Amino acid sequence: MLGKLLFRYLKPYWPLLIGVLVFQFLSALASLYLPRLNADIIDKGVSQGDVGYIWSNGGFMLAISLGQIIASIIATYFAARAAMQLGRDLRNDIYQRVSGFSEREVSRFGPGSLITRNTNDVQQVQMLAMMAATFLITAPLLAIGGIIMALQQDVGLSWIIGVSVPVLLVIAGLIISRMVPLFRSYQQKLDGVNRIMREQLTGIRVVRAFVREPIEEERFRAANTDIMVVGRKVGSLFVLLFPLFMLILNVTTIAVIWFGAVEVDKGTVQIGTLLAFMQYIGLILGGVLMASFMMMMIPRAAVSADRIGEVLDVETTLARPENPVASFPAPGAVEFRNASFTYPGAEQPVLSGITFRAEPGETVAIVGSTGAGKTTLVSFIPRLFDVTSGEVLVGGVDVRHADLDVLWKSIGLVPQRPFLFAGTVASNLRFGREDATDEELWHALEIAQGREFVAEMEGGLSARIAQGGTNVSGGQRQRLAIARAIVHNPGVLVFDDSFSALDLTTDANLRHALWRELPEVTKIVVAQRVSTITDADRIVVLDDGGMVGLGTHEELLEASQTYREIVESQLGAEAAR
1 MLGKLLFRYL
11 KPYWPLLIGV
21 LVFQFLSALA
31 SLYLPRLNAD
41 IIDKGVSQGD
51 VGYIWSNGGF
61 MLAISLGQII
71 ASIIATYFAA
81 RAAMQLGRDL
91 RNDIYQRVSG
101 FSEREVSRFG
111 PGSLITRNTN
121 DVQQVQMLAM
131 MAATFLITAP
141 LLAIGGIIMA
151 LQQDVGLSWI
161 IGVSVPVLLV
171 IAGLIISRMV
181 PLFRSYQQKL
191 DGVNRIMREQ
201 LTGIRVVRAF
211 VREPIEEERF
221 RAANTDIMVV
231 GRKVGSLFVL
241 LFPLFMLILN
251 VTTIAVIWFG
261 AVEVDKGTVQ
271 IGTLLAFMQY
281 IGLILGGVLM
291 ASFMMMMIPR
301 AAVSADRIGE
311 VLDVETTLAR
321 PENPVASFPA
331 PGAVEFRNAS
341 FTYPGAEQPV
351 LSGITFRAEP
361 GETVAIVGST
371 GAGKTTLVSF
381 IPRLFDVTSG
391 EVLVGGVDVR
401 HADLDVLWKS
411 IGLVPQRPFL
421 FAGTVASNLR
431 FGREDATDEE
441 LWHALEIAQG
451 REFVAEMEGG
461 LSARIAQGGT
471 NVSGGQRQRL
481 AIARAIVHNP
491 GVLVFDDSFS
501 ALDLTTDANL
511 RHALWRELPE
521 VTKIVVAQRV
531 STITDADRIV
541 VLDDGGMVGL
551 GTHEELLEAS
561 QTYREIVESQ
571 LGAEAAR
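414 is the number that full-length UniProt numbering gives to position 414 of the sequence shown; each next residue is one higher, with no gaps.
Derived from the structure by calculation, the hints contain no laboratory data. There's no promise every hint is true.
Stated by the list, open to error - Here are the computed lysine to any residue pairs in the SDA-like style, where the Cα-Cα straight-line distance is at most 25 Å:
#1 Lys233 x Arg184
#2 Lys233 x Val193
#3 Lys409 x Pro519
#4 Lys44 x Ile54
#5 Lys4 x Ala291
#6 Lys11 x Thr76
#7 Lys4 x Phe109
#8 Lys233 x Asp306
#9 Lys4 x Leu136
#10 Lys4 x Ile176
#11 Lys189 x Ala302
#12 Lys4 x Pro299
#13 Lys189 x Met228
#14 Lys189 x Ser177
#15 Lys189 x Gly112
Please read these numbers as outputs of a predicted model, since none were measured by experiment.
Throw the hints in and build the complete structure from the sequences for me.
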């Protein structure tokens, strides 16, 4: 997966990669040529007292060194640009893919894991791309070129290379083989830390209300300690490589000096040649070390690439149709035809055989006990889920065949847990329609019974809203979410238990304003309070995943035992008669 990912995302930047290859090649050539010049200066200049030769070749060495520095800088710049653009494109594709996920895919991965995959995992692949463009190209050039140049200097000492290089490769291979499973475990534990942190920040009020701070702190400490232990094992293996490399390099240097001194004493090798051979040994082992370093990065990046690939390759259930229907013959109509839904792996369906129709401008309420499937049912309308059998039609078109952009523009959803984004009141209300005027915003707030408290906020429509709407109350957050849906100007409004945080007076005023100001808009209302739905055109009663009643409030009191029990439990036996 790693190779496929790198090829796919680096392919558009092949000119930069060619530039990296060219300038790294020039840098490596300069590195390989410098020891030879140094040997010539010693053997032909210093030993013979030729100052002119020393100055001329010394100046040439400085020019070569300057060229090497410039080539390295340019190559690193090109590599960094290619790697950073790869990371940008990868994060963008992951974000777009996740944005198209249904609730099923989001639940499968988890928000914490998806965040980690789009940040830390992308960073690992991005870092590998940059290091590979610098080290992975330079390492073989230095190692192979160093061997060739060393053999040209002294073939008699080449056996030292044949011993030191394989030893270093074996040591690096053993360390890398132990690090691969640790990298995978590290990323999984990082997911766990992110998940726990996210849960604790999101549920901070619940944690404090039940005095769970010490327990949650211990839970986070345990997860944090787990990742520390794995990281320490990785670090322990990683730091072994450099001391072992220095040991092999120093032993190799001693061997070169020891056996080279004998040849110098015999007169078969000059001192400059021996020093150049030692420098080439350093370049060879340095190239092997760089390659080993890259080999250690590859397993971790490969694990990250697999995790990224899982997100990019997943087939979302909200796939856009090949030939989408962009026009609705019956705008505002909503119809369920024998709709059923079963979660993957579940033995029993959550919903089965749901059939009803809401005409344009009508109000259809959905009521039932907790866990009856009310939220799942309304999630079919904007295609947050797709039914496993049957059909859900909006505007006379099966939502699975409709153009998603057109479908979502025709629906205004107020979720069970309203979420506000960091910004202002106005930016949140304009979330669905950026061209809405201030007058339209105030009108939507008036319908949603939010005009008064927004007017009292400092700045009015420009008042700041914290992420998640944490600086406003639950009731204010719900009313802002309702106003946002109204500003969207949809043909269908879906309220998923959106009046639960409102007092009875505000609830009644809001509903009356909705019916009065938006008579042409179809309203699908999920509610727990019976008082919210008594004036609906039709009421759908759910129980244990099935539809056990359909009709007006009066009709259901006569025909539905389940509905009558709900009314009795909330309003008393007198109201159910």
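Against the structure, the hints come out as follows:
In summary, the hint linking Lys233 to Arg184 is supported, as the alpha carbons are separated by about 13 Å, within the 25 Å threshold. With a C-alpha separation of about 18 Å, the suggested pairing of Lys233 with Val193 holds against the 25 Å cut-off. Note on Lys409 and Pro519: the hinted pairing holds, with a Cα-Cα distance of about 18 Å set against a maximum of 25 Å. In summary, the hint linking Lys44 to Ile54 is supported, as the alpha carbons are separated by about 8 Å, within the 25 Å threshold.
Simply put, Lys4 and Ala291 have alpha-carbon atoms about 21 Å apart, close enough for the 25 Å limit, and the pair holds. A threshold of 25 Å between alpha carbons decides the hint, and for Lys11 with Thr76 the separation of about 18 Å falls inside it, so the pair holds. For the hint pairing Lys4 with Phe109, the CA-to-CA distance comes to about 22 Å; that is within 25 Å, so the pair holds. At most 25 Å may separate the alpha-carbon atoms for a hinted pair to count; Lys233 and Asp306 meet this at roughly 22 Å.
Restraint check: the Cα-Cα separation between Lys4 and Leu136 comes to about 17 Å, which is no more than 25 Å; the hinted pair holds. A C-alpha spacing of about 22 Å is found between Lys4 and Ile176, which places the hinted pair at or below 25 Å, so the restraint holds. Between Lys189 and Ala302, the direct Cα distance comes to roughly 17 Å. Compliance with the 25 Å bound is thereby established for this hinted pair. A hinted pair counts as satisfied when its Cα atoms are at most 25 Å apart, and Lys4 with Pro299 qualifies at roughly 15 Å.
For the hint pairing Lys189 with Met228, the CA-to-CA distance comes to about 9 Å; that is within 25 Å, so the pair holds. With a C-alpha separation of about 20 Å, the suggested pairing of Lys189 with Ser177 holds against the 25 Å cut-off. Our distance criterion of 25 Å between C-alpha atoms is met by Lys189 and Gly112, whose separation comes to about 11 Å.
Hint check: no violations occur; every hint is consistent with the structure.
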